[in-house]
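**Student:** Listed below, chain by chain, are the residues.
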Amino acid sequence: MAEVPGEATQTGTALLEKATAVLEGFGPINSIHQHLCAFHFYGDNMARQVQAHHYCSHPSEDMRQCLIYDSPDADARLIGVEYIISESLFLTLPDQEKKLWHSHEYEVKSGTLFMPGVPGPLQHREMEKLCKSYGKAIHFWQIDKGDSLPLGPPSLMYALTTDGQLDTQLAREAEKRFGINLEEERKKREYMKGPDHGIHPLANGWSSGKGLKFKLRETECLPSPSATGITRVFV
Amino acid sequence: MAEVPGEATQTGTALLEKATAVLEGFGPINSIHQHLCAFHFYGDNMARQVQAHHYCSHPSEDMRQCLIYDSPDADARLIGVEYIISESLFLTLPDQEKKLWHSHEYEVKSGTLFMPGVPGPLQHREMEKLCKSYGKAIHFWQIDKGDSLPLGPPSLMYALTTDGQLDTQLARGRYLTHPSPCYPFVHLLIHGMYFFRPGQARSRAGIGLGSGLSNLANPSGFSWYMARKNSPCYGT
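Sequence lines, in order, name chains V and R.
Following our numbering, the numbering of the first sequence begins with 12 at its first residue and continues without gaps.
Following our numbering, the numbering of the second sequence begins with 4 at its first residue and continues without gaps.
Same shape as in the complex, but just chain V:
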């Protein structure tokens, strides 16, 4: 069971939620159709790794938006998000932005990025696309630290890029829980190709030798539009 603080959700609350669910527009949620598992590490500390259950939708062919939970259970904790974009979209990013994104080639080819419970052929088609993509992962809840709530600033996360990085215990647990064999999967995925232009040198920003994190700053807050009469450009 997940360790979310507070009383267990009351039956009344659950029933009310079910009753209201049929009355409202749940378009964005109904579009979520894909479950991916992978491992993320903190941008300033590779020793801190977490298993990330991604639930993704495909608003366009070149982009996925994924919600990240700490398990596939109903009471899982929402710990982060990841945006996944095609190589062509990635190449349009400003250089400073590219550093916040990571490549997926190693994860796909090593088998450490996988779709739990999905048969090989169905998975491989998706994996071929993911192999060429880039992701930007942000976490908010440091469950590996034992935080009982999402505290502090968000964390920029990255993904595995080579052998020897993944915590072997995490790998073994995943193999056991999801009935997968990473070595076998690696052989089956050997044929897959990474980004057409090769992994961009600015991606995987941590690998330049400096850790990356978000910090809080305090500045003067600009006032509300009714006070200044500002006209909006984008609504």
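No lab work stands behind these hints: they were computed from the structure.
A hint or two may mislead.
Unchecked claim - BS3-like cross-link-like pairs, simulated, lysine-lysine; straight-line CA separation at most 30 Å: (1) Lys-224/V x Lys-132/R; (2) Lys-102/R x Lys-132/R; (3) Lys-226/V x Lys-109/V; (4) Lys-224/V x Lys-140/V; (5) Lys-132/R x Lys-101/R; (6) Lys-120/V x Lys-187/V; (7) Lys-156/V x Lys-148/R; (8) Lys-101/R x Lys-226/V; (9) Lys-221/V x Lys-135/R; (10) Lys-224/V x Lys-101/R; (11) Lys-156/V x Lys-204/V; (12) Lys-226/V x Lys-135/R; (13) Lys-204/V x Lys-109/V; (14) Lys-198/V x Lys-140/V; (15) Lys-102/R x Lys-226/V; (16) Lys-140/V x Lys-199/V; (17) Lys-187/V x Lys-156/V; (18) Lys-148/R x Lys-109/V; (19) Lys-140/V x Lys-109/V; (20) Lys-109/V x Lys-135/R; (21) Lys-109/V x Lys-156/V; (22) Lys-156/V x Lys-221/V; (23) Lys-140/V x Lys-120/V; (24) Lys-221/V x Lys-132/R; (25) Lys-101/R x Lys-156/V; (26) Lys-102/R x Lys-156/V.
Since the structure of chain V is already known, use the hints to place chain R on it.
**Tutor:** Frame of chain V; chain R shown alone:
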């Protein structure tokens, strides 16, 4: 239609996703049962306001986790998340953490936080709970700037706390260009009524925070920036 870059999702992709959906555990997604509408502004610039469609689940009675999209449509952009906790949980937070959270009392009482399309009585029970809660909202995609992708560091967001803050042009403009289920709220605007309705159930005295509004919540002027450590990423 949402303005997500890239080609339209191909039929093959959509079918593959539907085929795989039935094979996998979607527990966390199936738990998402509530749709709330509200407005957020950037922690360092109240003039920048966005409409936030929250889709929430209730992993415990004292906490909600909400995904924030820019519309209720299937191709909506995921722009942020919000965690909503009870007053008792909020009071356990370290003081420095409290500053990252905002209260909901004003939003609930003014009617600017609401459940689109849900009849009054069903809504009010939820609103009574939300009135006493605090939220931490983080956005990643600055759609109001016209960004075509989620760029830069995340943004710490806050919610309305008093009259005169909400950009009325925003609310009116969204209705005219993007008809949405947020009609009860817009109904008030079109008929010339202001956002709160004195005497209505929501402004009943006594449904606010038990301990009063924390003086640490709802600060102004906070934002996040990207920092680089001088030492190499540990473990490489």
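**Student:** Take the hints in turn and mark each one as holding or not.
**Tutor:** A quick look at each hint next to the structure:
For the hint pairing Lys-224/V with Lys-132/R, the CA-to-CA distance comes to about 35 Å; that exceeds 30 Å, so the pair is violated. Between Lys-102/R and Lys-132/R, the direct Cα distance comes to roughly 21 Å. Compliance with the 30 Å bound is thereby established for this hinted pair. Taken as a hint, the Lys-226/V and Lys-109/V pair is honoured in the structure, with Cα atoms around 19 Å apart against an allowance of 30 Å. Under the criterion of a C-alpha separation no larger than 30 Å, the hint pairing Lys-224/V with Lys-140/V is consistent with the structure, at around 29 Å.
At roughly 19 Å between alpha-carbon atoms, Lys-132/R and Lys-101/R fall within 30 Å of each other, so this suggested pair holds. Proposed proximity of Lys-120/V and Lys-187/V is supported: the alpha carbons are some 19 Å apart, at most 30 Å. Using a Cα cut-off of 30 Å, the hinted pair Lys-156/V and Lys-148/R is violated, with the two alpha carbons roughly 35 Å apart. In summary, the hint linking Lys-101/R to Lys-226/V is supported, as the alpha carbons are separated by about 16 Å, within the 30 Å threshold.
Distance restraint check for Lys-221/V and Lys-135/R: the Cα-Cα separation of roughly 42 Å exceeds the 30 Å cut-off, and the hinted pair is therefore not satisfied. Restraint check: the Cα-Cα separation between Lys-224/V and Lys-101/R comes to about 20 Å, which is no more than 30 Å; the hinted pair holds. The suggested pairing of Lys-156/V with Lys-204/V is violated, with an alpha-carbon distance near 36 Å, which exceeds 30 Å. Our distance criterion of 30 Å between C-alpha atoms is met by Lys-226/V and Lys-135/R, whose separation comes to about 29 Å.
Proposed proximity of Lys-204/V and Lys-109/V is supported: the alpha carbons are some 21 Å apart, at most 30 Å. Distance hint between Lys-198/V and Lys-140/V is fulfilled; the C-alpha atoms sit about 18 Å from each other, no more than 30 Å. Of the supplied pair hints, the one linking Lys-102/R and Lys-226/V holds, its CA atoms being roughly 14 Å apart against a limit of 30 Å. Proposed proximity of Lys-140/V and Lys-199/V is supported: the alpha carbons are some 15 Å apart, at most 30 Å.
Straight-line distance between C-alpha atoms of Lys-187/V and Lys-156/V comes to about 24 Å, which keeps the hinted pair within the 30 Å bound. For the hint pairing Lys-148/R with Lys-109/V, the CA-to-CA distance comes to about 19 Å; that is within 30 Å, so the pair holds. Among the hinted pairs, Lys-140/V with Lys-109/V is consistent with the structure: their alpha-carbon atoms are about 19 Å apart, no more than 30 Å. Proposed proximity of Lys-109/V and Lys-135/R is contradicted: the alpha carbons are some 41 Å apart, above 30 Å.
Pair hint Lys-109/V plus Lys-156/V holds up; C-alpha atoms about 28 Å apart against a cutoff of 30 Å. Restraint check: the Cα-Cα separation between Lys-156/V and Lys-221/V comes to about 22 Å, which is no more than 30 Å; the hinted pair holds. For the hint pairing Lys-140/V with Lys-120/V, the CA-to-CA distance comes to about 12 Å; that is within 30 Å, so the pair holds. Between Lys-221/V and Lys-132/R, the direct Cα distance comes to roughly 45 Å. Violation of the 30 Å bound is thereby established for this hinted pair.
A threshold of 30 Å between alpha carbons decides the hint, and for Lys-101/R with Lys-156/V the separation of about 19 Å falls inside it, so the pair holds. For the given pair, Lys-102/R sits about 21 Å from Lys-156/V by alpha-carbon distance, which is consistent with the 30 Å threshold.
In summary, the structure is inconsistent with hints 1, 7, 9, 11, 20, 24 from the numbered list given earlier, while agreeing with the others.
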